[in-house]
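For reference, the chains in residue letters:
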Amino acid sequence: MNFALPMKHNRGKALVTHAVLMTYTLIALFPIFVVIINSFKTRKAIFNDPLALPTPETFSLVGFEEVLLRSEFGLFFSNSLIVSVVSIFFVLLFGAMIAWALTEYSFKGNMLIGILVAMGIMIPIRLGTVSILDLMSSLHLVNTLWALILVYIAQGLPLAVYILSEFIKQVPKELKEAARCDGVGEIKIFFTIIVPLIRPAMATVAVFTMIPIWNDLWFPLILAPSDGNQTITLGVQQFIGQYVTDWNSVLASLTLAIVPVLILYIIFSRQLIRGLTSGAVK
Amino acid sequence: MADVKLNNIKKSYGNVNILHGIDLDIKHGEFVVLVGASGCGKSTLLRLIAGLDEITEGELQIGSELVNDLPPAKRGVAMVFQSYALYPHMNVLKNMSYGLKIAGKDKAFIRKKVQQAAKTLHIDHLLERLPRELSGGQRQRVAIGRAIVRDPKVFLFDEPLSNLDAALRVQTRVEIGKLHQELGATIIYVTHDQTEAMTLGDKIVVMNQGRVEQCGTPLELYQHPITEFVAGFIGSPKMNFIAAKVQSIEADHLVLRLSNGAITKAFVDVTSCNLDDDVTLGIRPENLSEDSDLGERISASVSLVEQLGEASYLYLTLSDATEMVMRTSGESTTTIGETIDISFNAESAHVFNADGLALKRHRAGNTKSPAELARLKAIA
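Protein sequences, first through last, are from chains A and B. According to the working numbering, the stretch in the first sequence is residues 1 to 282, in order. According to the working numbering, the stretch in the second sequence is residues 283 to 662, in order.
Since the hints were derived computationally from the structure, they do not count as laboratory data. There could be a bad hint or two in this list.
[Said to hold, decoys possible] DSSO-like, lysine-lysine: derived pairs with alpha carbons at most 27 angstroms apart:
| hint | chain 1 | residue 1 | chain 2 | residue 2 |
| --- | --- | --- | --- | --- |
| 1 | B | LYS376 | A | LYS176 |
| 2 | B | LYS394 | A | LYS188 |
| 3 | B | LYS387 | B | LYS376 |
| 4 | B | LYS387 | A | LYS169 |
| 5 | B | LYS460 | B | LYS394 |
| 6 | B | LYS389 | A | LYS176 |
| 7 | B | LYS387 | A | LYS188 |
| 8 | B | LYS287 | A | LYS188 |
| 9 | B | LYS401 | B | LYS383 |
| 10 | B | LYS356 | B | LYS287 |
| 11 | A | LYS188 | B | LYS356 |
| 12 | A | LYS188 | B | LYS376 |
| 13 | B | LYS292 | A | LYS176 |
| 14 | A | LYS173 | B | LYS376 |
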């Protein structure tokens, strides 16, 4: 905690800053908090007082039972996990490789590729949904996880290239030259010198890439809506009916869906904080 | 044998010419120092020898093999960078052994090599540490160690001491000197520090604006600088220059009329001189005296005094506003505002013609290196 600042007016400033940030945090966490507490309550208690904590009388695991025992939650979950992990892996691999190529080597078309990548950040991929669907159906990939993985790689790459380029530029030129003097090949320089040094940046990119993929409803709905290939966000929809919504199950599955993102975040957070502040703090 | 031969080496980036044809002949085992002001192309030249930049024109031979198109690792050179460039995520052992591992040497061999180099450099207790856990001096040794283990034909040093503090710099400088004696390898060393150049080099190459200005032993450069630039660059504080006119030409010396009106002699080659030529008199601060009369006198007023303890530097102004520096005894009591008579020996004077080229001195002092002197004494 950095409250113990030496000067008085600094402390006042710190208090204001913290107050603003705390408020924002509360607002951001509130819906998640409501989802989690209500997932542990009976249906009646959810409607009676949505903001109350579960008490011994209202406590119920019926939602979790429903989700875990009587639905294909495991399948949805593993679909989401496969799609996310494979996409992140390739986004990081290709993103770092493209960033390295664009920053390290000057070749014909370098500038053009750079501009295309920048355009990828500015133009949302969803604008191309119709063509993507068209493409996927020609490739016979509709209703496969590969359709999602390919789209997510394309979606994640521009920002990944952008962030990683900035970090690769900061790797001192002498390090690469020292490696070249040591006789290390270019591909080996990339994997043994560059990648270890930009690991914090890669963690940042991993988190930024994972969250939109994990939460996405659009592409699963369009590209892989069939039973075996539903991701968790799509799977949850089956509990939401036109007339009756099984709130217990919806809230329980949402609560469960938070877990992997949280785990990933905890794993990467040490790296992440270093990544976001590196350069600013030496 | 690993002689390094540079034959009319040129380097340009686009239309900008950085090096305008460098010729150098470096013998096996020589310690060659490239010096010059920043931007003179000395680092560029080193990078060309290392193979980190492409040579635009000319030939580079290492050990009588043309290496223009060989990648750095195949040239048999090892470079020590100014910033050390240690791999931050590898410990000292891995930093030093990485090149050998890439070359596919077996583990026992690598271990032996690294241990040996670490012992020479007194870093054998640091092998498990990461670079960030080392001090500047230790990092420097690891960087040198990384170069040593590869058994290169030629070591390239790019301002290796400029990131160290003053005390460590002197210590490391001495160690690099010793290392050269031990390894007997060819070393090419870039620096802008003329003390490093004078103390380390068997041969110094003074560069200026992409050209070799002069190349010679340290004392040759000190005693016989062939241009005004070299004269100003070698020696600290730098040589004083006073505008002058040739008053009369004698058999073995010139008589000059300085810009402040003083008349002095200078023992230099007079063959290319004419009466009334514009020339520049050069005199080193350490050759000036305020106490004893060394023959050639100038009167000057003191504008600043720097007391260093063992010596004092007097900053002087002549009557025509020419600025001069002299080195005098640390016991000197001369202070600001005084007008004093300083003198120098006509034999220690340098004279440069209007093109900045030196007239050969007749009675210059010693130009022999310690090794040469030792040999001569042994014969006698």
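Sort out whether A:LYS176 lies within 27 angstroms of B:LYS389, counting only the CA atoms.
-> holds (24 angstroms)
Hey, B:LYS394 versus A:LYS188, does the alpha-carbon distance stay inside 27 angstroms? holds (25 angstroms)
Straight-line Cα separation of B:LYS387 and B:LYS376 no greater than 27 angstroms?
OK: B:LYS387 and B:LYS376 at ~14 angstroms, within 27 angstroms.
Check: Taken at face value, is the distance from the CA of A:LYS176 to the CA of B:LYS292 at most 27 angstroms?
Finding: holds (24 angstroms)
Query raised in the report: Taken at face value, is the distance from the CA of A:LYS176 to the CA of B:LYS376 at most 27 angstroms?
Result: Roughly 16 angstroms between the alpha carbons, so the hint for B:LYS376 and A:LYS176 holds.
Pair hint outcome, A:LYS188 versus B:LYS356 [Cα-Cα no greater than 27 angstroms]: Since the Cα atoms of A:LYS188 and B:LYS356 sit roughly 17 angstroms apart, the hinted pair holds (cutoff 27 angstroms).
**Q.** 27 angstroms Cα cutoff - pair B:LYS387, A:LYS169
**A.** violated (32 angstroms)
Taking only the CA atoms, is the gap from B:LYS401 to B:LYS383 under or equal to 27 angstroms?
holds (20 angstroms)
Worksheet item: Is A:LYS173 close enough to B:LYS376, meaning Cα to Cα at most 27 angstroms?
Response: OK: A:LYS173 and B:LYS376 at ~20 angstroms, within 27 angstroms.
Do the alpha carbons of B:LYS287 and A:LYS188 lie within 27 angstroms of each other, as the hint requires?
violated (32 angstroms)
(request) Decide if the proposed pair is consistent with the structure: B:LYS460 and B:LYS394, CA atoms, cutoff 27 angstroms inclusive. (result) Given that 27 angstroms is the threshold and the Cα spacing comes to 22 angstroms, the pair holds.
Self-check item: 27 angstroms limit on alpha-carbon distance, applied to hinted pair A:LYS188 and B:LYS376
Solution: Since the Cα atoms of A:LYS188 and B:LYS376 sit roughly 15 angstroms apart, the hinted pair holds (cutoff 27 angstroms).
In summary, the numbered hints that this structure violates are 4 and 8.
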